[in-house]
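Chemist: Line order of the protein sequences matches chains R and S. Here the first sequence stands for residues 0 to 165, where the numbers follow numbering that gives the first Met the number 0. Here the second sequence stands for residues 0 to 303, where the numbers follow numbering that gives the first Met the number 0.
Just so you know, these hints were derived from the structure itself, not from any lab. Any given hint could be a false lead.
In the DMTMM-like style, the derived pairs of lysine to aspartate or glutamate whose C-alpha atoms are separated by at most 25 angstroms in a straight line are [what the hints assert, rightly or not]:
{"hint": "1", "chain 1": "S", "residue 1": "K285", "chain 2": "S", "residue 2": "D165"}
{"hint": "2", "chain 1": "R", "residue 1": "K64", "chain 2": "S", "residue 2": "E60"}
{"hint": "3", "chain 1": "R", "residue 1": "K64", "chain 2": "S", "residue 2": "E168"}
{"hint": "4", "chain 1": "R", "residue 1": "K64", "chain 2": "R", "residue 2": "D40"}
{"hint": "5", "chain 1": "R", "residue 1": "K53", "chain 2": "S", "residue 2": "D21"}
{"hint": "6", "chain 1": "S", "residue 1": "K145", "chain 2": "R", "residue 2": "D57"}
{"hint": "7", "chain 1": "R", "residue 1": "K95", "chain 2": "S", "residue 2": "E60"}
{"hint": "8", "chain 1": "R", "residue 1": "K53", "chain 2": "R", "residue 2": "E74"}
{"hint": "9", "chain 1": "R", "residue 1": "K64", "chain 2": "S", "residue 2": "E196"}
{"hint": "10", "chain 1": "R", "residue 1": "K53", "chain 2": "S", "residue 2": "E142"}
{"hint": "11", "chain 1": "S", "residue 1": "K140", "chain 2": "R", "residue 2": "E12"}
{"hint": "12", "chain 1": "S", "residue 1": "K140", "chain 2": "R", "residue 2": "D36"}
{"hint": "13", "chain 1": "S", "residue 1": "K145", "chain 2": "R", "residue 2": "E74"}
These numbers come from a predicted model, not from an experiment.
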Amino acid sequence: MSLSQTAIVQRAEQLAGALAGGRTRVEKNVLLSVVADFMSDPRADLDRLRRTLKLLGDGSGGHLKRSTSYAQQIEAVVDGLGEVLADSSLSLADLKSLFGWTARLLLVRGESPPATTAGDPPAGSSPGSKAGPRKEPVKRGLGSIGQKGLSALEKLKQDLERKEKG
Amino acid sequence: MGRHGLSRPAGSPERHPSQRHDVWPRDLLTGVLTLSLETPPGQYVSPGTGRLALTTTPGGEIVAQQGARAAGTPVLPGSGIKGAVRTLYELLSFSCDPLARGRDRCSVSNCCDACSLFGLPSYSGRVSFSDAVPADPQAVKVEVQKVPIPWTPKPDRTPGEFRLYDLGEATFLAAGRKVAQPAPRILAREVFSGKFETRLHFSNLTPVEIGRVLLALGVGPDLSPRFCLRLGGVKYDGKGAVRVTPRSLSLAGTTSSREDEALRGECARWIEAARTSPWAGPFWPKLDELVKVLAPAKGTEAPR
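The following block holds chain R by itself, in its conformation from the complex (with noise of 0.2 angstroms):
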């Protein structure tokens, strides 16, 4: 059974709180890095996407040797996902709206100061070095998103609402 809406969203902010919340702050085009397959796929091939994580959590492909950030994102997401695919209450179709909408707030989130992207990797970095010190973690709850992007998170919620009431 399809969850609504409103219930998706709660949980996409339940998600990107633990992705944005780790010891390094996901950004939206790591997440969709791991996921663009599945949400591409009309099939959308659940067992495909669960051989992904587990592959990539074991370091398949030399990914999680990119930098030290990219890697603490990548494992990030294979956890947070892993839990998120162990709930069977969610349908295919719950799951491709659930991830767009994590992707979308991580992306509010990362309107706050930028971190390294995606494809690059850390500046001063070269072939065979590794990354430089790990800068402490920044811990970021939903706080982190800012005044004016959580009046624009509630104000969704309600119509959301509004438009389930009918």
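Assemble chain S onto chain R, guided by the hints.
Modeler: Below, chain S alone, put in the same frame as chain R:
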């Protein structure tokens, strides 16, 4: 690996009103030129998508950076080809800084050579490329290769307005070592090798303009590839090289397409028009400089 900084000869952008799209004057050239893009031996192209996808290899499943596809077929996006050609065309002309503001910026009524040909906001230009698709169903091989981890370039170490990578492999200098070593290949990435085909659509071009476009594509005066156009990712490891060869030509106002001798004759005439135009004075030596950076090393050329 080498990163080379090249600059244009001294001079300021020459601006003219842009060409109209709604009429095809008889004295200008409009048509479609089909081009073959072929990776030389040992080379591949890898237009990225930013996706990490589960890919099946002979050794089992692996998560690799995915290459661009259209409806499941490997492609080289036309926008990427246009960008690569525009960069070289800008190097080979007195063109504007596309990021300039205010009076230094081109407009539809007053645009530089590159903007007039490749477009600017609110003007779509007169040259475009379709996505390059495999020349035939078996023409392109898709595989997963390990590539070095990219790093942030240091612009201050490579002076020059344009920075280009040659075809050498990425190296690095380990601490305490005096000799550079090949960079370790770590990241799994989907790559394409073989023969693609794209269509260059052009409208209202002068023979000199289309001759200059052909030269920026790496086509030599005898129509053999003079240097390799660089497309897609992993250029920092000397990859992404393709040899461009004209295959057929359809011109507006004519009924049949031209191939072989007729095509060669037409293209050679356009390149000759560019070579003997005032443009060649300052820019032909720059083209020779470009050839030195982008041409394959001796001995790596495929038999022709």
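Chemist: Evaluate each hint against the coordinates.
Modeler: Do the hints match the structure? See the list:
For the hint pairing K285/S with D165/S, the CA-to-CA distance comes to about 16 angstroms; that is within 25 angstroms, so the pair holds. In summary, the hint linking K64/R to E60/S is supported, as the alpha carbons are separated by about 19 angstroms, within the 25 angstroms threshold. For the hint linking K64/R to E168/S, the alpha-carbon distance of about 20 angstroms falls within 25 angstroms, and the restraint holds. Restraint check: the Cα-Cα separation between K64/R and D40/R comes to about 28 angstroms, which exceeds 25 angstroms; the hinted pair is violated.
With a CA separation close to 55 angstroms, the supplied pair K53/R and D21/S exceeds the 25 angstroms bound. A distance of roughly 17 angstroms separates the Cα atoms of K145/S and D57/R; the hinted pair therefore holds under the 25 angstroms criterion. Using a Cα cut-off of 25 angstroms, the hinted pair K95/R and E60/S holds, with the two alpha carbons roughly 24 angstroms apart. Under the criterion of a C-alpha separation no larger than 25 angstroms, the hint pairing K53/R with E74/R is consistent with the structure, at around 10 angstroms.
At most 25 angstroms may separate the alpha-carbon atoms for a hinted pair to count; K64/R and E196/S exceed this at roughly 36 angstroms. For the hint linking K53/R to E142/S, the alpha-carbon distance of about 22 angstroms falls within 25 angstroms, and the restraint holds. With a C-alpha separation of about 43 angstroms, the suggested pairing of K140/S with E12/R is violated against the 25 angstroms cut-off. Between the alpha carbons of K140/S and D36/R the distance comes to roughly 21 angstroms, so the proposed pair stays at or under 25 angstroms and holds.
Of the pairs offered as hints, the one joining K145/S and E74/R holds, with about 21 angstroms between alpha carbons and a cut-off of 25 angstroms not exceeded.
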